[in-house]
Amino acid sequence: MKEKMPPFKRKKTTGKSFPVKVCTLDAELEFNLELKATGRDLFDLVCRTIGLRETWYFGLQYEDSKGFIAWLKLDKKVQDQGIPQQTTMPFMFLAKFYPEEVAEELVQEVTQHLFFLQVNRAILAMDIYCPPEASVLLASYAVQAKYGDYDEGTYKPGMLASEELLPQRVIDQYQMTAEMWEERIKVWYADHRGMSRDEAEIEYLKIAQDLDMYGVNYFPISNKKDTDLWLGVTSLGLNIYEKENKLTPKTTFQWSEIRHVSFDDKKFTIKPVDKTSPNFVFFSHKVRMNKLILDLCIGNHDLFMRRRKPDSMEVQQMKTQAKEEKSRRQIERNKLAREKQLREIAEKDKSIMEQRLLQYQEEIRLANEALRRSEETADLLAEKSRVAEEEAMLLGKKATEAEHKITQFRLTALKTEEEKVSLERKTREAEQLTARLVDESERRAAEANTLKEELLRARVAEKQAKEKLLEFLSRNAYVNTSVSSLYSVSSSSALDLPADLHALRLNANSPQLSLTHSNPPALEDHNLPAYDFIAGNDMEELTLEIEKERIQYLEKSKHLQDQLRDLKSEIEVLKVDEKQCELDMLHDEQVRLGENKYSTLKKVKCGSTKARVAYFEEL
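Residues in the sequence shown are numbered from 1 upward in steps of one, following UniProt numbering.
Careful: at least some of the hints might be erroneous.
[Claimed, not checked] Each pair of labels, with its calculated beta carbon distance range: (1) E363 <-> I171: 54 to 60 Å; (2) R288 <-> P90: 34 to 40 Å; (3) G148 <-> K309: 37 to 43 Å; (4) G194 <-> K275: 53 to 59 Å; (5) V573 <-> G148: 30 to 36 Å.
[To be verified] Dumping the calculated DSBU-like pairs for lysine-lysine here, alpha-carbon to alpha-carbon at most 30 Å: (6) K96 <-> K335; (7) K579 <-> K206; (8) K225 <-> K250; (9) K463 <-> K146; (10) K466 <-> K452; (11) K267 <-> K246; (12) K250 <-> K568; (13) K558 <-> K568; (14) K350 <-> K326; (15) K602 <-> K96; (16) K568 <-> K246; (17) K319 <-> K350; (18) K603 <-> K271; (19) K605 <-> K271; (20) K558 <-> K597.
Read the hints as simulated data drawn from the structure, not as lab findings. Just so we're clear, the structure is a prediction, and the values are computed from it rather than from any experiment. For glycine and all other residues, C-beta sits at the position ideal for the given N, C-alpha and C.
Just need the whole structure built from these sequences, with the hints factored in.
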């Protein structure tokens, strides 16, 4: 009889591999790993797949069997790290450490893109506090990175309505519709014309890195007085925040001041480089959290020291390749921009030429119409003149006959007195008739002369119309030449223009004109609850140099700050005060005092390490 298996015994994995799924913020990757595969094997596999060489910023995050967020240890087997047994092991490929200066340190485009996606998600999820006016500016860069240049012809109102561009906290704080927000985003979006995706993303990160909560990993801690505080692990050191204020640190300890880090149960001990200073001690809320804090401290300290040394050959090679690639893409962009400009010019010339052709066609039609009317008028006047001449000749003939009769009457006037009287009467009547006929004849003659003059003017008008027509025909020759030149330019620019314009064709026998269309050290698990930090002698000098560069950058961004202030003033009247959160009020107070992230850090790191430790203990 077979022995029954215990009901809750874990089933052994069969086969020589197991499936894993790794999610980046824009892709999902699935692999089959060997049973003995380490975290390094999986991490390197992911990096090779996505083409990432700046591996030291990233790690594989997962939720362990107890529901805590953990990072995969690279020197241990994947299956030995307490990962829940599922059909497919899930991991998130995320940035674990942040650079001090994104524009200087992030070399590869893929690195910049991954940081952009992660920071953008953190801002929209409100994990990083972002003021409303800065949210609008960041949204405009996100739109530029996604859609490219703003095109008024293809842009449709409401196109951005379905996009998640602003934190919900910002939307709720103002009495503004989605269309009003979109209009303000669109104004800045249009200003980014000509900016490539990688340029827009790096500009986004340059603004985001100035936010107070950017690059800070927060952990709840307490001091010896049992005061609840926040520990912020950053690329520059350890910040201490009050429980109600994650924006403004109360004090800070830079990595250059820290010599040794260790923990015992919930007690965390940090030994300063200054041996006259007491140890910096705090207490975490969970023991498991200490391992993560120590891991982040080690990684950030290693990167802090690495930045202050000459670049390795690998980094130098990457920077050279990135510079060459950027230069090549810039040349291609310039070429495309030039071709686009030529196309726009050609299309504009084409449109102007079409308008001219339509104008010439209309003028020719009007000229032909005027010529036709002139010919009809001339024919009519000629007919009237002929009729008037015939009537004048008839009247002249009648006048001659009347004079002949008068002569006859005079010859017979002597016959009798009665005949004389009758003759005189008839003579008077004949004279009157003759006078009337003469007047009528003269009137008809005058009318004939008038008609002749009108006919003459009509002939002159006809001649002018024909001359104008000939002038249009000479213009037509110019139009043909211009159109040919236009298509020549289009062909040489490799542009595909519609062939809807053809040469004008003139019928020589007709007056009508027709138009035919004929992971590095930072990610390794030291497996010890302690770590020694080595501080360089020239650390302070390098830190001052970085601070100097930061001041120069802030001076350059003065114009941007002015724009942000203008937008803030514009939307201030629409703010709903009841919807303001505590972070909003803290930020407004910072602005009122003229403080920012860097001035605050500069202020809180003043004084000796001993004094700052004492200040921490009194919080």
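message: Run through the hints listed earlier and report the numbers of any the structure violates, in increasing order.
response: When the structure is compared with the hints, numbers 2, 6, 9, 14 and 17 turn out to be violated.
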